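Protein chains in written order, with this note's numbering: chain A, 1 to 199; chain B, 1 to 198.
Hints in this document: simulated from the structure, not taken from any laboratory.
Keep in mind that a hint or two might mislead.
[Stated by the list, open to error] Using C-beta positions, here's what the derived DEER-type ranges look like:
id : chain 1 : residue 1 : chain 2 : residue 2 : range
1  : A       : G74       : B       : T192      : 37 to 47 Å
2  : A       : T96       : B       : I10       : 54 to 64 Å
3  : B       : K2        : A       : L125      : 28 to 38 Å
4  : A       : E165      : B       : R195      : 40 to 50 Å
5  : B       : D158      : A       : E36       : 36 to 46 Å
6  : A       : N4        : B       : M38       : 54 to 64 Å
7  : A       : A127      : B       : R188      : 48 to 58 Å
8  : B       : G112      : A       : N4        : 46 to 56 Å
9  : B       : L160      : A       : T196      : 51 to 61 Å
10 : B       : R81       : A       : T96       : 53 to 63 Å
11 : B       : G112      : A       : I39       : 38 to 48 Å
12 : A       : G186      : B       : N123      : 49 to 59 Å
Every value quoted in this text rests on a predicted model; they were computed, and no experiment measured them.
No residue lacks a Cβ here, since even glycine has one placed at the ideal position from N, Cα and C.
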Amino acid sequence: MEKNKARELIEYDLTKGLSPSNALRPVIREFTQMFEGPIPLHKGQHVITKGDSHKNLFFILDGVIAEIGRDEQGGLYIPSAYESLQWCTNMETMLTGKKAQQSYVCLTPTLIMQVNASVIEELALQAGKDELVFILNQRFLNHVRSHFFRLLHNSPKQHYAWMKENAPLSLQAFTRDQLAAHLGIGRATLFRMLKTKGS
Amino acid sequence: MKVRLERELINLYGLEGVIGVEGIKAMAAAFSVDSICMGRDLIWTPETNVQKLYFNTKGVLAEFSRVDGKMLCQQIITPYRFFWSEKSFLMWEPSDTTMVCLKPSTIYSLDGEQVRKITHENNLGFLLANGLTRENIKGYRIRSRNLSLLNATERLNDTLATNPRILDQLNRNELASYLGLSRSSVFRLLHTLYRGKE
């Protein structure tokens, strides 16, 4: 993918819902020019490693990145997975200022655009431009909120069906153990479920 | 109440020192009583535009979401906390939840338009919007972690540790829906808990 095409995709995502005359549009255009990439990453590569404290921002053009960690008992913990045309950043550092508790790992060959954290920090301090930081936060809120709703409201079977329909790349990219962790169920439960479904 | 509102707003903004304090004082002063709610009163319902920042005083509220006919408790608003409909106030869409009063409270509020005006006049930018959004993301990540990693007993213990009065605030059905467990599981867990204390 060409750099300009990739920047257009970012601009399209950030201007969704804004009126044609919205004053933020030129700010968004300027922002998209600061992205580096497209950067190809191989399967298994870390975009953020546990212990990192940078807040670089990634826009995924293609592929799947999952936040993968371990709980206190050593069990797999996968709080989020990001697919094509979604945003990804070091959540722990963004929210608490602490180091990443999990690594963000490419589950497939992945193509990303990246912008340095300092660009976001500068935007946050400038009147008229800080709304863009809010728009990015809206994207993250939507992502995290939707996952929580599925965990609370859906049975594992329904959650799996939702992924099949809406997050097929993640579903294919996860190992069975990873999928069980992402659905918040045990490995044995997942195997039973898949056997019943005949998947 | 104004002093309390100021203090809580400073926390919400995450401001240090004197930056923005005048704006926060102006915002705290602009809050007024929205309602005096009794148990089961509704603060907002789905499909409404809830463009307000609320402050709960001494009561307890709970936010419920309905998916496929199931009404589940997604968060509890404990005393002296701000609350807002993230779908409306932060994501600019109609609310998809119901906020219910569980224990009588006096609710203060500030209209979104007023928030914007005071924010603009005091050059507070999007600090509040970003602060509220981060609060929501943090909350959902903690709740998701608990639902993913903790078993039923651990979920109950963790919730009791965070909010020791929750058993007085929610009925057993509401508690079950908050924990993502069945009603019978919660009854069994509580039975075990009480038996252990005897």
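Here's how the hints hold up against the structure:
Taken as a hint, the range 37 to 47 Å is violated for the pair G74 of chain A and T192 of chain B, whose Cβ atoms sit roughly 26 Å apart. For T96 of chain A and I10 of chain B, the Cβ-Cβ distance of about 18 Å falls outside the hinted range of 54 to 64 Å, so the restraint is violated. Restraint check, K2 of chain B to L125 of chain A: a C-beta distance of roughly 29 Å satisfies the suggested window 28 to 38 Å. Checking the proposed 40 to 50 Å range against E165 of chain A and R195 of chain B shows it holds: the Cβ atoms sit about 44 Å from each other.
Look at D158 of chain B against E36 of chain A: about 41 Å separates their beta carbons, and that is inside 36 to 46 Å. For the pair N4 of chain A and M38 of chain B, the beta carbons lie near 59 Å from each other, so the given range of 54 to 64 Å is met. For the pair A127 of chain A and R188 of chain B, the beta carbons lie near 56 Å from each other, so the given range of 48 to 58 Å is met. At about 38 Å, the beta-carbon gap between G112 of chain B and N4 of chain A misses the expected band of 46 to 56 Å.
One distance hint, 51 to 61 Å for the beta-carbon pair L160 of chain B and T196 of chain A, is violated here, with the actual separation near 35 Å. For the pair R81 of chain B and T96 of chain A, the supplied restraint of 53 to 63 Å is violated, since their beta-carbon distance comes to about 19 Å. A hinted range of 38 to 48 Å for the beta carbons of G112 of chain B and I39 of chain A is consistent with their spacing of about 39 Å. For G186 of chain A and N123 of chain B, the Cβ-Cβ distance of about 52 Å falls inside the hinted range of 49 to 59 Å, so the restraint holds.
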